[in-house]
Amino acid sequence: MKQLSERIKEAAFGSLSSGQVEMVIGWQKGPLWWQSFPAFITDPGETASLIWDPFSVSNLNKYLLNEVPKKKIALFLKGCDALGFNQLLRDGRVEREKVLLFGIPCDGLVDPARVEATGLSKGLLQVKKEREELVFYYKEGQRKAPARDFYYSKCLSCRYPNPVTCDEMLGEAVPCQPLERFANVSKLEAASLEERFTYWSRHFSRCIRCFACRNVCPACSCRECIFDIAEPRWLGKAKESGETLFYHITRAYHVAGRCVDCGECARICPLGIPLAELNRKFIKDINELYGEYDAGADLDKEAPLLTFKSDDPDVSA
Amino acid sequence: MKRIGVFVCWCGTNIANTVNIEAVTEAAGKMPGVVYAGNYKYMCSEIGQSKIKSAIIREKLDRFVVASCSPRMHESTFRKTAAAAGLNPYLVEIANIREHCSWVHKNKGEATAKAIALIRAAVAKAARDKELWATQIPVEHRALVIGGGIGGIQAALDIADAGFEVDLVERTPSIGGHMAQLDKTFPTLDCSACILTPKMGEAASHPKITLYTYSEVEKVDGYVGNFEATIRKKARSVDLEKCTGCGICWEKCPSRVKSEFDEALSMRKAIYIPFPQAVPNVPVIDRASCRWFTREKCGICRKTCPAGAVNFDQEDEVLQKKYGAIVVATGFDVLDLDDFGEYSYGKHPDVLTSLEFERILNSSGPTGGRLLRPSNQSPPKNVVFIQCVGSRDKSRGKPYCSKICCMYSAKHVILFKEKYPEAQAYVFYIDIRTAGKDFEEFHRRAVEEYGALYLKGSAGKVFPDGDKLLVKGVDSLSGHALEIEADMVVLATAIKAKSDAPQLARLLGISTDTHAFFMEAHPKLRPVEAHTAGIFLAGACQGPKDIPETVSQASGAAAKAIVLLSKENLLSDPCVSEVNESLCTGCLACIKVCPYSAITEKTIEEKIHGKALQRRVAEVNVALCQGCGSCTVSCRPGAVNLKGFTNEQIMAEVDAICL
Ligand SMILES: Cc1cc2nc3c(=O)[nH]c(=O)nc-3n(C[C@H](O)[C@H](O)[C@H](O)COP(=O)(O)OP(=O)(O)OC[C@H]3O[C@@H](n4cnc5c(N)ncnc54)[C@H](O)[C@@H]3O)c2cc1C
Ligand code: SF4
Ligand code: SF4
Ligand code: SF4
Ligand code: SF4
Ligand code: SF4
Numbered sequence: 001m002k003q004l005s006e007r008i009k010e011a012a013f014g015s016l017s018s019g020q021v022e023m024v025i026g027w028q029k030g031p032l033w034w035q036s037f038p039a040f041i042t043d044p045g046e047t048a049s050l051i052w053d054p055f056s057v058s059n060l061n062k063y064l065l066n067e068v069p070k071k072k073i074a075l076f077l078k079g080c081d082a083l084g085f086n087q088l089l090r091d092g093r094v095e096r097e098k099v100l101l102f103g104i105p106c107d108g109l110v111d112p113a114r115v116e117a118t119g120l121s122k123g124l125l126q127v128k129k130e131r132e133e134l135v136f137y138y139k140e141g142q143r144k145a146p147a148r149d150f151y152y153s154k155c156l157s158c159r160y161p162n163p164v165t166c167d168e169m170l171g172e173a174v175p176c177q178p179l180e181r182f183a184n185v186s187k188l189e190a191a192s193l194e195e196r197f198t199y200w201s202r203h204f205s206r207c208i209r210c211f212a213c214r215n216v217c218p219a220c221s222c223r224e225c226i227f228d229i230a231e232p233r234w235l236g237k238a239k240e241s242g243e244t245l246f247y248h249i250t251r252a253y254h255v256a257g258r259c260v261d262c263g264e265c266a267r268i269c270p271l272g273i274p275l276a277e278l279n280r281k282f283i284k285d286i287n288e289l290y291g292e293y294d295a296g297a298d299l300d301k302e303a304p305l306l307t308f309k310s311d312d313p314d315v316s317a
Numbered sequence: 001m002k003r004i005g006v007f008v009c010w011c012g013t014n015i016a017n018t019v020n021i022e023a024v025t026e027a028a029g030k031m032p033g034v035v036y037a038g039n040y041k042y043m044c045s046e047i048g049q050s051k052i053k054s055a056i057i058r059e060k061l062d063r064f065v066v067a068s069c070s071p072r073m074h075e076s077t078f079r080k081t082a083a084a085a086g087l088n089p090y091l092v093e094i095a096n097i098r099e100h101c102s103w104v105h106k107n108k109g110e111a112t113a114k115a116i117a118l119i120r121a122a123v124a125k126a127a128r129d130k131e132l133w134a135t136q137i138p139v140e141h142r143a144l145v146i147g148g149g150i151g152g153i154q155a156a157l158d159i160a161d162a163g164f165e166v167d168l169v170e171r172t173p174s175i176g177g178h179m180a181q182l183d184k185t186f187p188t189l190d191c192s193a194c195i196l197t198p199k200m201g202e203a204a205s206h207p208k209i210t211l212y213t214y215s216e217v218e219k220v221d222g223y224v225g226n227f228e229a230t231i232r233k234k235a236r237s238v239d240l241e242k243c244t245g246c247g248i249c250w251e252k253c254p255s256r257v258k259s260e261f262d263e264a265l266s267m268r269k270a271i272y273i274p275f276p277q278a279v280p281n282v283p284v285i286d287r288a289s290c291r292w293f294t295r296e297k298c299g300i301c302r303k304t305c306p307a308g309a310v311n312f313d314q315e316d317e318v319l320q321k322k323y324g325a326i327v328v329a330t331g332f333d334v335l336d337l338d339d340f341g342e343y344s345y346g347k348h349p350d351v352l353t354s355l356e357f358e359r360i361l362n363s364s365g366p367t368g369g370r371l372l373r374p375s376n377q378s379p380p381k382n383v384v385f386i387q388c389v390g391s392r393d394k395s396r397g398k399p400y401c402s403k404i405c406c407m408y409s410a411k412h413v414i415l416f417k418e419k420y421p422e423a424q425a426y427v428f429y430i431d432i433r434t435a436g437k438d439f440e441e442f443h444r445r446a447v448e449e450y451g452a453l454y455l456k457g458s459a460g461k462v463f464p465d466g467d468k469l470l471v472k473g474v475d476s477l478s479g480h481a482l483e484i485e486a487d488m489v490v491l492a493t494a495i496k497a498k499s500d501a502p503q504l505a506r507l508l509g510i511s512t513d514t515h516a517f518f519m520e521a522h523p524k525l526r527p528v529e530a531h532t533a534g535i536f537l538a539g540a541c542q543g544p545k546d547i548p549e550t551v552s553q554a555s556g557a558a559a560k561a562i563v564l565l566s567k568e569n570l571l572s573d574p575c576v577s578e579v580n581e582s583l584c585t586g587c588l589a590c591i592k593v594c595p596y597s598a599i600t601e602k603t604i605e606e607k608i609h610g611k612a613l614q615r616r617v618a619e620v621n622v623a624l625c626q627g628c629g630s631c632t633v634s635c636r637p638g639a640v641n642l643k644g645f646t647n648e649q650i651m652a653e654v655d656a657i658c659l
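Top line first, the protein sequences correspond to chains A and B.
With the working numbering, you'll find the first sequence wraps up at 317, consecutive numbering, no jumps.
With the working numbering, you'll find the second sequence wraps up at 659, consecutive numbering, no jumps.
Chain A on its own, in the form it takes in the complex:
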């Protein structure tokens, strides 16, 4: 990790000082052990503050939508981020020539909630990764534990730990050993209609409509989202279960066929609503109906929901 941190600093410094890019977007450490924030750096002198640690989970590429670069912007991409970047590209929301991409092979990042759950967080100052282990630093000393036990569930089922696209890869490729991602979907599919409705109604009834799941999503890159538009008001403001269902069903349909399964929405949700299961149901259906399609990775394939073929299955039948 140390090494990668150094390479990130070097890459940022090099591209800024040479004038190749006008901004670098990376991560900086916050005051607490679990805080790694997006950082926007234009001064080569500040690149030393960039880091790479087990909490550099934020996907940086959606920040590109706010920037209007004259030259280029440099950006660090993990495997999941690269998929999202490709989707933004496909949707015409970023220009490939306007970005310099540094790829980071990543075998998983740490979910602070799992650290808390084990009680290791008490008095915790810092967490570092050393090969397959996490080292927890306290005033009194350190403790070690297998890293994989603390990873986000999205990381455990990650199929592309090595970025599928970038200009320069920083670091060695990591092995890929994903868990079966449709296991929960298959379980739900086997349940009855009532059971499924209860399952989702229960989950969605907790949603506070913070829209974090939309904001973080690389497939949600609209200039103005329909859920924010006042006229027509597609979504009412009232805390009403029908409105929340409408939000979730519509969001899921909007990302259907474009969701890259980066897992960000489910990760970001403060209520732990299992959005990945909804997205993956769509992915599974699309794969089964129109053939395997991996949004974000299959750039040379036509998007199945935007193409009509005469032998497409008749889904209504």
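Simulated from the structure, these hints should not be mistaken for laboratory data.
No experiment lies behind these values; they were computed from the predicted model shown.
Ideal Cβ placement from N, Cα and C applies to all residues, glycine included.
One thing to keep in mind: the hints can contain errors.
Said to hold, decoys possible - Result set (DSSO-like, lysine-lysine): computed pairs, CA atoms no more than 30 Å apart in a straight line:
#	chain 1	residue 1	chain 2	residue 2
1	A	K72	B	K219
2	B	K130	A	K237
3	B	K130	B	K234
4	A	K309	B	K322
5	A	K71	B	K219
6	A	K72	A	K29
7	B	K2	B	K80
8	A	K301	B	K2
9	B	K560	B	K80
What the hints assert, rightly or not - Some residues of chain A that are not near chain B, with every Cβ distance over 12 Å (derived):
#	residue
10	A39
11	E67
12	L120
13	G141
14	R196
15	A219
16	P313
Got chain A; can you put chain B with the ligands on it based on the hints?
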């Protein structure tokens, strides 16, 4: 505040019997923005319309809702009413309280409540109506006719006689279609070729008609008045201009293959004309069976052609042409009998389809018109005709009646008996359907004058039995099992849609019915028009038909096309989509779904934080947009919106019904 009028129609008793008109009128009067509500027995009548006009003036209405039948019936009527009273015609909404309400409900209380809800939705939509203006689009004064059977030939001749240029595209080397294969035609028994050949000649020599034989339409873009078609003229390998049709080439050609025109009952050459009266009388080389093309040997035709017309290097030619109207006349196929093993078809040479029988009867056919058993060239004594093979058969064939088989089977009986007065004809039938002018008389002749034995019932099985055929069946009137020893069996094979009809429909943007016949816009009132404006249907491609029906429909389609082509301009529907550039993210999903290729991308420039930014957005070409609305559902942020049916209006309708 808007000043909305609501006019509730009784539609005689159609609506009034099921919907409480007074209650509906009263409720409508209280809806937001409504300043007047009235009702009348027939709103579409002169009196009804003048009631609307005077209410517009008296009540200073600035828009109105008519609660009546489907907008497909009278939307245009009421738009004209609005225009006559000085209102923009697009400030009119229809609440369909007939098809959507009174016709589908029995309970008056519930139907009344539903009618009120439908009107509330229409009022909410009307409140958001904006003035729209139709634009003029010019008409290309040329017609395309696809398919050169009798239907296509007739349509082409009629349109050309009206003074418009016509391109007639035929897939096979000659025009003529199935009619060219027939011997004599019911109910008059005139020879098919004798009445068809002059028409073919007329089409070929008409100064306004261009024939494209051995050609196919590959692509059609555009819209009514302005279609653009891509036509592929397949390489004939013979120069149409130079060839004199002398026939030396096909005499000398050493390669022989089965003749499609003779239903594989005879052989033709690799360089061939399908039949002696072919138009144009210029052969084609079937490259798949030509020795020059398969083995790079031979070339006899080129050597012997006195006109030097054979050209092995000829290539397909692809033409782009513009048309104002299209007539589709691609005809039919006969059902494949693979699933009907019980008739021994294909296993015994004396079991024939009716079309093969036509060829055998025909004097230019494989036997020169001598009706002999294919197995041993002897004259048949007993012939069994089996009707409805694959017709009215839900399980293996087609559920519909092929319509022409009763008549041509009677014809076959008569023609057979004319040749062999001593012989016997048997006909197995389910029902006899002879509803046409002189049809019943014709059928009676087969029975009474020619002594055909009509057996009501099904022929269950046909077995080869020595040099005969044994036909087993049941006479359902007497209940007796029957066994007939036959020399020949003729199967009245069902008529079906052309196997590639769905592809052609997709290419043209028209619809097909469940049996793949092209669908007319209205089964009663618009039988010759397709759903897509500017495309007309003629002949058996729309459903099984005999020649007189085909010709009448072709002339009807031609008349409709002529009406269209006679116009200088068409009014375009202003209900087209538009893009809100500030919402458009440039994802271009809309481009991919637009069936009319009406959307393109463009780059716009805007200032953000003082910096000029270029970005891509979608743009709708209003001349191409047909207002189908597909784009609006593909657009996630709702940036593309259909005028007259905006997202705002639809949401207002939903709210009016639900809230
Ligand atoms: C056995 C039999 C006996 C009959 N006897 C009688 C009778 O005695 N009296 C009577 O009135 N009717 C009779 N009929 C019915 C008659 O054949 C039809 O009514 C008539 O042929 C219909 O004409 P059409 O032009 O619609 O179709 P068709 O005759 O099928 O012509 C269609 C033409 O379109 C061409 N085509 C098809 N697809 C394309 C394409 N994609 N592009 C370009 N060209 C295309 C075809 O090659 C063909 O030339 C009989 C039918 C059968 C099967
Ligand atoms: S829906 Fe969720 S998993 Fe899919 S692309 Fe968006 S953030 Fe990633
Ligand atoms: S929810 Fe739909 S409209 Fe909103 S940002 Fe996502 S894709 Fe766009
Ligand atoms: S992030 Fe969670 S709580 Fe927030 S809107 Fe999405 S599902 Fe609801
Ligand atoms: S679908 Fe909507 S956002 Fe996408 S290009 Fe079309 S109008 Fe723009
Ligand atoms: S409404 Fe949209 S999809 Fe339909 S024709 Fe017009 S632009 Fe194309």
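Evaluation of the provided hints:
1. A:K72 to B:K219: Violated, at about 44 Å.
2. B:K130 to A:K237: 28 Å, holds
3. B:K130 to B:K234: With a Cα-Cα distance of about 51 Å, the restraint between B:K130 and B:K234 is violated, given a limit of 30 Å.
4. A:K309 to B:K322: Within the cut-off at roughly 27 Å; holds.
5. A:K71 to B:K219: Judged against 30 Å, a Cα distance of about 44 Å means the pair is violated.
6. A:K72 to A:K29: 24 Å, holds
7. B:K2 to B:K80: 21 Å, holds
8. A:K301 to B:K2: At roughly 51 Å apart (the allowed maximum being 30 Å), B:K2 and A:K301 break the hint.
9. B:K560 to B:K80: 22 Å, holds
10. A39: It holds; A:A39 is separated from chain B by about 20 Å at its closest Cβ, greater than 12 Å.
11. E67: Answer for A:E67: violated, closest chain B Cβ roughly 10 Å.
12. L120: Holds: least Cβ distance 42 Å, greater than 12 Å.
13. G141: 50 Å, holds
14. R196: 24 Å, holds
15. A219: A:A219 not clear of chain B: closest Cβ-Cβ about 9 Å, inside 12 Å.
16. P313: Correct as stated: the minimum Cβ-Cβ distance to chain B is 16 Å, above 12 Å.
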